[in-house]
Every structure is written in structure tokens, then in C-alpha cells.
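Asks: Using the sequences and the hints, build the whole thing.
Residue numbers (this note's numbering), protein chains in the order written: chain A, 1 to 188; chain B, 1 to 81.
Misleading hints may appear alongside valid ones.
[As the list claims (entries may be wrong)] In silico lysine-lysine, DSSO-like type, Cα no more than 30 Å apart, as pairs: (1) A:K108 x B:K76; (2) A:K108 x B:K2; (3) A:K140 x B:K76; (4) A:K63 x B:K2; (5) A:K140 x A:K156.
I should point out that these hints are in silico values taken from the structure, not numbers from a laboratory.
Residue strings, one per chain:
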Amino acid sequence: MKPKSKLDAHATKLREWLRSKKDGGEGITLGQARERLREFECSASLDTLSRWWRQEQKEQGEKTLLADIASGAKFNRDLESTLGQNPPPELLTLIQLIKTLIAGLAVKGDLDADTLRLVQSLTGLVLEHDKSRANYELKKADLDLKERRVTLLEQKAAQFDQAKSILQDGALTEEDKKLRMHELFGLQ
Amino acid sequence: MKEQIRQLILKCLLAADGIMTEPNLRTAIRRGLSATVTEADLTIHIQWCEREQLIIGTADGLVGTTWALTTQGRLKAAQLQ
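Replies: Okay, here's the thing in C-alpha cells:
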């Protein structure tokens with residue numbers, strides 16, 4: 001925590017003045033800031049102003065770091081909720097790697113909107129692929145079932161033809177026909 | 001400085017929902033500190049937090065060591081905010 005300073009009362013103005021133009025501030029020098037402070041009846045040496053600004057930047061740096069980490073953690077939470085309660089086991093490793101990658105980018109401060117979009121696209125592709133694979137397996141199982149039904153029907157048709165020829169065989173006695181039919185249909 | 005590093009370890013883990021891989025934790029601490037610290041310094045402070053039962057580590061073949069806040073560590077981290 002920063003020690004109390006008379007400059008704290010002007011913190012908002014000072015941040016606006018001293019922050020670089022790239023970061024949305026005016027980007028003025030410490031000397032210019034000191035002059036402006038005089039207009040607000042506050043006098044401070046350059047050294048005091050410099051120390052205050054260094055401490056301020058340090059605190060802002062930590063806030064930015066923690067916000068970046070939290071943003072990565074939030075993305076990973078959202079990713080988990082997209083996957084639902086029970087993600088496919090074969091995707092767990094990949095998802096774990098994506099989450100580690102996101103957390104790694106976040107701690108470096110590299111998790112910008114473009115990177116997030118890219119990772120979201122990658123995750124979308126992975127999920128789409130998994131959905132397609134699951135659909136393929138369902139269709140394959142359905143096809144296997146239909147093939148088994150056809151085989152069974154063919155077997156039944158062959159039995160029917162055999163039964164018909166037994167019944168029409170004039171050389172067989174009624175007892176023989178009955179015996180053959182029992183054999184054909186596996187009856188005792 | 002050592003107190004600052006130890007506090008930052010806890011704050012970073014709290015921001016990360018309580019869990020971070022060791023490489024990410026080390027990168028975060030180095031980024032968050034104004035002064036330069038060595039890997040050995042970081043190791044000492046991570047180990048101190050572990051000894052104090054503020055964090056707990058688990059080894060994973062995929063991402064290496066992962067550190068998580070204990071209940072005690074989470075409480076302390078929350079107090080630092």
C-alpha cells in the first residue's frame with residue numbers, strides 16, 4: 001500500500017496528466033505536472049512527484065496484472081460451462097491445454113480480444129468435430145443394427161424356403177417331415 | 001520485498017480462481033514486481049507459502065506442478081485485497 005501523500009488528493013488529475021497518450025492520458029512531463037499542481041495550490045518537489053508516480057505505476061501494474069489473470073480465469077470458466085458438466089474424456093486433455101494456454105497468455109498480458117476470438121474459434125472447431133464424431137458413431141450404430149436385421153431376415157427367408165421344400169418333398173413320410181422341421185427350427 | 005512477493009503469490013492465485021501452473025505463477029510474480037528477482041528467490045517464497053499451508057501443489061504429467069490456494073491461503077489472500 002502506498003504511504004499517504006498530499007499528492008493523493010490530486011491523484012485523478014495526476015493520473016490523467018502523467019499517463020502516456022497511448023494509455024489515454026496527456027503524457028505531460030513531471031515538471032509540467034508540478035506547474036499545473038501550483039494552480040491547485042499544491043506545491044511538490046520533482047523528487048516527491050517522481051516517487052509518487054513510481055509508486056502509482058507500481059500499484060497500477062499490479063492491478064492490471066491481477067485483472068489480466070482474472071480475465072483469463074473467467075474465459076476458462078466460460079469455456080468449462082460451454083462444455084457442460086461432462087465433457088467427452090478424449091477432449092479433456094485438449095481442453096486442459098487450451099486453458100493452460102489462456103492462463104499463460106493472461107499472465108503475460110497478451111490476452112487481447114483478437115487472441116480470445118482465435119481461441120474461441122479453435123474451441124468451436126474442436127466441439128464441432130466432437131459433435132460430428134458423436135453423430136457419426138450414432139449413425140454407424142444405427143447402420144450396424146439395420147445390417148443385423150437384414151441378416152436375420154435373410155436367415156428366416158432361407159429357413160422358410162427349406163421348410164417349403166421339406167413339406168413339398170413327396171419322398172418323405174409325415175414323420176420324417178416333422179422330424180426335419182423340428183431340426184430346421186431347433187425344436188426338441 | 002519478501003513480504004511483497006509472498007502477498008503477490010496469494011493475490012495472483014486468488015485472481016486465477018485459486019489455481020495456477022507453476023510457470024504461469026512465476027511469470028505473473030516477475031511481471032508484478034518492480035524489482036528483479038531470481039528463479040531461486042521465487043522458489044524460496046513459493047516453498048515458504050507451501051510450508052505455511054497457504055498453498056498446495058500437485059504434479060501433473062501434462063502441465064507440471066500446479067499450485068492451489070488452501071482455505072487458509074484463500075482467506076489470507078482475500079484479506080490482502
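Asks: Checking each numbered hint in turn, tell me which of them this model violates, lowest number first.
Replies: Hint 3 is the one this structure does not satisfy, whereas the remaining hints hold.
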